[in-house]
Amino acid sequence: MSDTLHRTGAPPATRSARSFSFGALARRPEAGSFLGMVIVFIFFAIAGGANFVTLGGTASWLNVAAEIGIVALPVGLLMIAGELDISIGSVIPAASMTVAIISGYFGLPLILGVAAALALGLLVGFVNGILVIRTGVPSLIVTLGSLFAVAGLTLGLSVIITGSTGVPIQTGPIGKALLGQFIAGIFQVTILWWLVAIVVVGFLLHISRWGNWIFALGGDKVSARNEGIPIDRLIIQLFMSSGFAAAFIGISQAILYNSAQVSTGQSFIFNSIISVVIGGVLLTGGFGSVVGIVFGTITFAIVNQGIFYTGFDANWASLIIGVLLLLAVLLNNTFRKMALNYSPKKGKS
Amino acid sequence: MPAPIIELRHVNKSFGPIDVLHDISLKVDAGEVLCLLGDNGAGKSTLIKTLSGVHKPTSGIVLMDGKEVTFANPREASEMGVATVHQFGGTFPLMSVGRCFFVGREPTKKWGPLRIYDRATANEIAVKSIQGFGITRIDDGDRLVGGMSGGERQSLAIARAVHFGARLLILDEPTAALGVKQASHVLRIVLEARKRGLAVIFITHQVTHAMAVGDHFAVLIRGALAANFLKGEKTREEITDLMAGGESLANLDAEVQDVMDAEGSRASPVA
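Protein chains in written order, with the numbering used here: chain A, 129 to 477; chain B, 1050 to 1320.
Everything labelled a hint here was simulated from the structure, so no lab data went into it. A couple of the hints might just be wrong.
List time: in silico DSS-like cross-link candidates among lysine-lysine, alpha-carbon distance up to 25 Å [said to hold, decoys possible]: (1) 349/A to 1098/B; (2) 349/A to 1105/B; (3) 1230/B to 1177/B.
Coverage of chain A stretches by chain B, computed from C-beta distances (three or more under 8 Å per stretch; other residues unrestricted) [what the hints assert, rightly or not]: (4) 331-338; (5) 352-358; (6) 458-469.
Virtual Cβ for every residue (Gly too), placed ideally from N, Cα, C.
Construct the complete structure from the given sequences, taking the supplied hints into account.
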């Protein structure tokens, strides 16, 4: 051991060069999603005409991207860890209803409603995590169960408490400023929260040692446990983070639209998974990047909104997204193989 | 003479009414390779798991450096220097060499108020350790492990165990899935580990591999130690016969012939 430590002090003989190279960029997990994003943007910039590239056009897709993006980040972490969470689809409306019922219907302070809604998201995540590690049932099934259970609870309790499936909520200037504001009249304040989330999740996944555990967990669960990684705790933390993010979006929607409905948010399930997969995350875990998830989310949002700027019927958007998803997965597979097969050329120094 | 790194004295292990290990006494010195031979179901895995803290012996004692030890869990065993390298496990194909090497024990450095993963240090130590075992082709810690050959991945796992202070290295069929050339890589690494003074328990089905590196051989049959001998005490044929369950392969030939004859005599009416 002391031998190794001693040698560490010497100048590194084998450190790889950090110089710029296209090859190194292409081997990164986000290579495919970056290409996809550029192609989709160019396509809609041409097909959508001048309006798409204006501030208004940018805001339209950026607003959508921010909402999906905040949920897509923890969903992406879970996928890298080899798990799925589709219960977000009912945590979002459940959080909306919680904040609207507490702070709107009962008129209690907004902070109480927000805290309760976030706690609800964390709780659902905690239960999901416990069920996944205790039962060994695939997380798709566990969260499918909680998706329906939470949706049923939300509907049932809302009707019992308020007698309605929609509740109005009026928030003061602080609540609006934090979660329901439009910057310059068109950019949702959610975009800023998304940026914060990108930095935080990016740090956790790529820079902290915790991120290494996530990759290890998704790569090989048994080996990760053998190496002493607390995988049970890690799984629970990840599910709680996706529940938290979903609750956050639910709250921001309620405050933005001044009302909550029991049946919003189902679209987030597929939209976030599509964004993450387009972003180069391997569905079976172990591979992916935060930058890739961000590119994937933007790509998805551009297609979703860009279609309105073209002369096409908006119904075609789903077709484009479907084809795009398949192309993205094929492209990502190609780039991943390049990364796997890469070895430095012999004799090159 | 220093005490052996690991010693088992009269170890028994049973799961409920089923005796899996029966009165096993073994020892491995520093710088010695013990080849553990035995057919499937002979109790090799149970023995390994007992040594690495997964199971506790039902009776009997385990000593390290002459002192009695009990491992509450695999983590405790690994902290005391017992490292198990499985046939495929322990390396993550889509992780970089540096990240894989330090998985669960990542080096960190200060970054403002935060502690972050120290990629440069991790890559440097990982590459040096692997190269120290003769795998000089690995010179970039950012490379993905999945791009390495099976032998190189085994080397990574062994180098990692040694780096983190392993004193007893348990190799569970490391050469089983490898080609001839890759296997010889791994055998060379086993010898390197022996040279560095580690105790090695090497589990294999291949007599050639066992004879190439083994100093000391132990054969398990139905949970009991059927033979325990030093290098040169038995011939290749005798070892092969022992591995086949203690019966001579010549006898086996005769038995197979009998079965075939019996099958042949009643084959026609079945169709």
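Each hint tested on the structure:
A threshold of 25 Å between alpha carbons decides the hint, and for residue 349/A with residue 1098/B the separation of about 18 Å falls inside it, so the pair holds. Distance hint between residue 349/A and residue 1105/B is fulfilled; the C-alpha atoms sit about 23 Å from each other, no more than 25 Å. This hinted pair checks out: residue 1230/B and residue 1177/B have alpha carbons roughly 22 Å apart, not beyond 25 Å. Against chain B, the stretch 331-338 of chain A contributes 4 residues with a C-beta closer than 8 Å to a partner C-beta. That satisfies the three-residue criterion, and the hint holds.
Only residues whose C-beta sits within less than 8 Å of a C-beta in chain B count toward coverage, and the stretch 352-358 of chain A has 5 of them, enough to reach three; the restraint holds. Figure legend: the stretch 458-469 of chain A, annotated as covered by chain B; annotation consistent (4 residues with Cβ-Cβ distances under 8 Å, at least 3 required).
In the structure shown, no violation is registered for any of the earlier numbered hints.
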